[in-house]
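For reference, the chains in residue letters:
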Amino acid sequence: MTHTLHRQGTYEELKEDFVVLVMSAKGFNDPGAAPKLGEALKIISKYGPVNIGDMTQGSMYRAGFRIKPVERLLKGGHDRSIYHGVFTDLEAVKKVVDELKAADLGMSVVISGLYDEVKNIIRPHTVNLFLGIWGKTELLPKHEEVLKICTMCGHQFVSRNLVMKLAQDVKRGRISPEEAAEVMASCCSCGIFNPVRAVKLVKQLVQKL
Amino acid sequence: MYINPDRCVACTHCVPYCPTGAIQIVSEGGRNYAKVDDDRCVECWICYRVARCPKDAIEPTPPEKMPFVRRLKFFFASATAVWPETGMAGRGTEEMKTNDVTGRFRFGEIGFALDMGRPTGVGVRVSDVEKVCKAIAPYVTFEIENPVTKLLIDPKTGEVRNPELRNVYLLSAVVEAKTSKELAPKVLEIVRDVSKEVNTVISVGLVSRVKPDGEPEAYEVLRQVGIEAKPNMKVNIGLGKPFVGWE
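Protein chains in written order, with this note's numbering: chain A, -4 to 204; chain B, 42 to 288.
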């Protein structure tokens, strides 16, 4: 389950893309974890995430979750929920981490993002490093913006063909970049897609079409 | 996945949503309709779940009624479905995300997370998963809770358990294994070599504990083989309890 690891982008672009994940450990501390995970989601939600979700329920862009998403995610939450929040600045992540630390919930917390930035705000315990994409890379999309957008959903539910189609629609004036990003975000089932970053990338992609 | 030709009006709405490009518009008997390529379809259900056909022509088969190969595709594509065979959800395990509690990875150990077929819907045949697993098997211990290990390969040899599955096309498969810090450079070199022989892409990840000075232990391995890590990582920040400790 390495779905937040493979995000592509320049260092500057990744400065606007951090994912905070909270979960219990199966067989260790999952019994009775639901209220602690719920508390963590409330903390995440306080600091302006651009997307939230539970890997087992869906994201705030899921149909039916757009109104009062936090309440709905909390209602459906359980001991094995895996809550995510996506942030566009490290300062917000720092506030989330500080509050999670103070709350002492005992749940595992993982931050996906630039290591040099993250290690400046809290001591790292274990890391998952990304060494890049190996193998037949000629099978990847031609435009780097498509790759950057698609890898914001590690489960590969944002299709490269859909990204190109939506970019064409933006170019023709049928939809706005924001609307395109929202459709893309609705494909990502766990809420780790960054729609704010996607808007910028769609605008860049449109320039190339 | 099945698209009912009697309902489909070939509006093409669903076509771009498919991550693997498995939906095509075909002409038959004087009319056009959308058809799913069974080989290319990975049962991710994005067409059904998100595209939302205006004519309700997309008709998924519930997983419990699927033949085994299609169920295999479904569970390797789903982010959340719980495998009946293993009781686990998702394509991989908790790996390092709960390592502050489980202690699955210790100092002196390096974990491998080889995401085959990712990103962008490239997908992977089981034969290519087998190629990688066979190559690294002598030097690693495969993660026993991982679906690839549980369902596809023999963890001792890396060979596929059922040869009839070799040609099955999956959205992705995460090979999870670990080895000692001393053997890790050799494993990385093997993965680098075998990645040139597979007809897919591999998103390569390493798991490592972090030394008190903030340096991931895996950097020692990477220096030996001349490979640099990307600047973004997944970072477990050690808030879980009962805590395994910093050492």
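Watch out, some of these pointers could steer you wrong.
[Said to hold, decoys possible] Below are the BS3-like pairs computed for lysine-lysine, each with C-alpha atoms no more than 27 Å apart in a straight line:
#1 B:Lys252 to A:Lys96
#2 B:Lys222 to B:Lys191
#3 A:Lys96 to B:Lys222
#4 B:Lys282 to A:Lys90
#5 B:Lys282 to A:Lys131
#6 A:Lys10 to B:Lys252
#7 B:Lys227 to A:Lys21
#8 B:Lys172 to B:Lys252
Since the hints were made in silico from the structure, they are not lab data. These figures come from a predicted structure and were not determined experimentally.
Hints versus structure:
A C-alpha spacing of about 21 Å is found between B:Lys252 and A:Lys96, which places the hinted pair at or below 27 Å, so the restraint holds. The straight-line distance between the Cα atoms of B:Lys222 and B:Lys191 is roughly 25 Å, inside the 27 Å bound, and the hint therefore holds. About 31 Å separates the Cα atoms of A:Lys96 and B:Lys222, which puts this hinted pair outside 27 Å; it is violated. With a CA separation close to 21 Å, the supplied pair B:Lys282 and A:Lys90 stays within the 27 Å bound.
Annotation: proposed proximity of B:Lys282 to A:Lys131 is violated, straight-line Cα distance about 41 Å (limit 27 Å). With a C-alpha separation of about 24 Å, the suggested pair A:Lys10 and B:Lys252 falls inside the 27 Å cut-off, and the hint holds. Between B:Lys227 and A:Lys21, the direct Cα distance comes to roughly 32 Å. Violation of the 27 Å bound is thereby established for this hinted pair. Proposed proximity of B:Lys172 and B:Lys252 is contradicted: the alpha carbons are some 34 Å apart, above 27 Å.
When held up to the earlier numbered hints, the structure conflicts with 3, 5, 7 and 8 and fits the remainder.
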